[in-house]
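Protein chains: 2
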Amino acid sequence: MNQQYPSALLERAVNEFAKLPGIGAKTAMRLVLHLLRQDKETVENFGHSLITLKNEVKYCSECHNISDTEICGICADARRDHTIVCVVENIQDVMAIENTHQYKGVYHVLGGVISPMDGVGPSDLEIQSLVDRVNKGGVNEVVLALSPTMEGDTTNFYIYRKIEQSGVNITMIARGVAQNDELQYTDEITLGRSIINRVTFTGKI
Amino acid sequence: MNQQYPSALLERAVNEFAKLPGIGAKTAMRLVLHLLRQDKETVENFGHSLITLKNEVKYCSECHNISDTEICGICADARRDHTIVCVVENIQDVMAIENTHQYKGVYHVLGGVISPMDGVGPSDLEIQSLVDRVNKGGVNEVVLALSPTMEGDTTNFYIYRKIEQSGVNITMIARGVAQNDELQYTDEITLGRSIINRVTFTGKI
Numbered sequence: 001m002n003q004q005y006p007s008a009l010l011e012r013a014v015n016e017f018a019k020l021p022g023i024g025a026k027t028a029m030r031l032v033l034h035l036l037r038q039d040k041e042t043v044e045n046f047g048h049s050l051i052t053l054k055n056e057v058k059y060c061s062e063c064h065n066i067s068d069t070e071i072c073g074i075c076a077d078a079r080r081d082h083t084i085v086c087v088v089e090n091i092q093d094v095m096a097i098e099n100t101h102q103y104k105g106v107y108h109v110l111g112g113v114i115s116p117m118d119g120v121g122p123s124d125l126e127i128q129s130l131v132d133r134v135n136k137g138g139v140n141e142v143v144l145a146l147s148p149t150m151e152g153d154t155t156n157f158y159i160y161r162k163i164e165q166s167g168v169n170i171t172m173i174a175r176g177v178a179q180n181d182e183l184q185y186t187d188e189i190t191l192g193r194s195i196i197n198r199v200t201f202t203g204k205i
Numbered sequence: 001m002n003q004q005y006p007s008a009l010l011e012r013a014v015n016e017f018a019k020l021p022g023i024g025a026k027t028a029m030r031l032v033l034h035l036l037r038q039d040k041e042t043v044e045n046f047g048h049s050l051i052t053l054k055n056e057v058k059y060c061s062e063c064h065n066i067s068d069t070e071i072c073g074i075c076a077d078a079r080r081d082h083t084i085v086c087v088v089e090n091i092q093d094v095m096a097i098e099n100t101h102q103y104k105g106v107y108h109v110l111g112g113v114i115s116p117m118d119g120v121g122p123s124d125l126e127i128q129s130l131v132d133r134v135n136k137g138g139v140n141e142v143v144l145a146l147s148p149t150m151e152g153d154t155t156n157f158y159i160y161r162k163i164e165q166s167g168v169n170i171t172m173i174a175r176g177v178a179q180n181d182e183l184q185y186t187d188e189i190t191l192g193r194s195i196i197n198r199v200t201f202t203g204k205i
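Read top to bottom, the protein sequences are chains A and B. The first sequence maps to residues 1 to 205 in the numbering used here. The second sequence maps to residues 1 to 205 in the numbering used here.
Any given hint could be a false lead.
[Claimed, not checked] DSS-like cross-link-like pairs, simulated, lysine-lysine; straight-line CA separation at most 27 Å: (1) A/K40 with B/K19; (2) A/K58 with A/K26; (3) B/K136 with A/K58.
[To be verified] Now the stretches of chain A that chain B is said to cover, found in silico as 3 or more residues with beta-carbon under 8 Å: (4) 6-13; (5) 27-36; (6) 43-57; (7) 129-138; (8) 184-195.
[Stated by the list, open to error] FRET-style restraints, in silico, Cβ to Cβ: (9) B/P21 with A/N55: 22 to 30 Å; (10) B/S61 with A/P116: 57 to 65 Å; (11) B/G24 with A/N55: 52 to 60 Å; (12) B/N45 with A/M150: 53 to 61 Å; (13) A/G22 with B/G119: 30 to 38 Å; (14) A/M150 with B/G24: 26 to 34 Å.
Quick caveat, the hints were computed from the structure, so don't treat them as lab data. In this text, a Cβ means the ideal position worked out from N, Cα and C, and glycines have one as well.
Can you make the complete structure from the sequences, with help from the hints?
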């Protein structure tokens with residue numbers, strides 16, 4: 001909508017919303033007008049929740065996950081296995097893995113993957129701190145859980161080269177056909193790899 | 001994502017975003033993490049723009065459009081024809097009509113349409129203020145420009161009954177086939193009406 005707004009305040013709020021990824025001018029307008037219809041307290045809660053988050057949020061000094069405290073809840077949990085470190089790209093991936101309830105180790109959040117196209121190199125990520133963490137001892141296994149993309153694979157390989165001398169076990173999450181996928185529509189790389197990496201069928205899924 | 005957030009501050013911000021229409025938990029998370037990557041000033045501008053808008057915005061006392069002043073820019077403009085009042089549902093519709101550069105009268109923003117299903121009755125809308133405005137005199141024509149839906153038509157008819165006695169001209173924006181529509185895919189109500197309301201072809205579109 002290339003047009004004049006009836007109010008400079010409205011225009012400013014719409015423009016701020018429209019800066020967000022995937023939010024165009026029309027959606028921004030709809031969201032702002034929705035907020036305008038809410039009561040004053042709701043809008044203030046919304047605005048302040050973002051400002052407070054930005055000003056007060058911390059990143060765990062161990063794993064670099066978002067945290068309200070110096071050490072995050074997972075790293076501070078004595079019941080977790082601190083000898084296994086799962087390397088993930090971002091916070092959402094920690095939440096996704098936690099959601100499976102299948103992992104009891106700790107994490108290391110890289111903050112991205114190596115992507116020369118986007119100008120992201122190893123020094124922009126928490127890779128050196130991972131190497132330091134492994135070299136400090138106490139870690140038996142590093143589980144690489146990056147996305148199965150070219151950037152993820154590049155980052156996996158870079159990390160592997162950085163820590164292979166340390167003697168730690170380096171594993172990678174299994175790649176293969178996803179639950180409920182139809183074989184005929186699965187790409188050949190995935191299907192081929194699922195055959196190469198076949199596992200003994202034990203009668204349980 | 002039915003899961004535990006690593007930070008209560010993060011969770012609060014995501015929940016606030018997820019209250020917005022059309023924004024689910026995953027999108028909210030993506031937007032909040034995007035804001036977290038911006039600098040402090042950007043996030044504060046975002047939050048404050050919404051709070052300021054809510055606290056300081058005014059509604060024009062004439063037409064009820066959003067405004068930074070007591071009387072909006074359109075109503076305050078002496079070059080506009082104040083004898084023609086275009087009745088619209090909301091602010092976006094004012095902006096859409098202004099964008100055509102085809103209308104030089106003023107507006108009356110209802111703030112919605114009559115919709116019993118959504119619990120919106122005539123008293124929830126700026127209908128009485130429209131009737132008062134017409135009865136006060138000085139208005140020659142009321143242009144009904146509501147959406148061609150059942151709710152829009154109901155509202156059109158309600159307004160018509162309220163102001164027909166005043167002797168003002170009551171018009172409605174033309175309904176017919178839209179530019180670049182294909183006739184074979186146009187619904188029969190629209191196509192039938194476009195035949196009934198055909199106009200003299202003057203050689204100009």
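Hint check results:
{"no.": "1", "hint": "A/K40 with B/K19", "verdict": "holds (15 Å)"}
{"no.": "2", "hint": "A/K58 with A/K26", "verdict": "violated (34 Å)"}
{"no.": "3", "hint": "B/K136 with A/K58", "verdict": "violated (61 Å)"}
{"no.": "4", "hint": "6-13", "verdict": "holds (count 7)"}
{"no.": "5", "hint": "27-36", "verdict": "holds (count 9)"}
{"no.": "6", "hint": "43-57", "verdict": "holds (count 15)"}
{"no.": "7", "hint": "129-138", "verdict": "violated (count 0)"}
{"no.": "8", "hint": "184-195", "verdict": "violated (count 0)"}
{"no.": "9", "hint": "B/P21 with A/N55: 22 to 30 Å", "verdict": "holds (28 Å)"}
{"no.": "10", "hint": "B/S61 with A/P116: 57 to 65 Å", "verdict": "holds (58 Å)"}
{"no.": "11", "hint": "B/G24 with A/N55: 52 to 60 Å", "verdict": "violated (26 Å)"}
{"no.": "12", "hint": "B/N45 with A/M150: 53 to 61 Å", "verdict": "violated (36 Å)"}
{"no.": "13", "hint": "A/G22 with B/G119: 30 to 38 Å", "verdict": "holds (32 Å)"}
{"no.": "14", "hint": "A/M150 with B/G24: 26 to 34 Å", "verdict": "holds (29 Å)"}
In this structure, the earlier hints numbered 2, 3, 7, 8, 11, 12 are contradicted, and the remaining ones agree with it.
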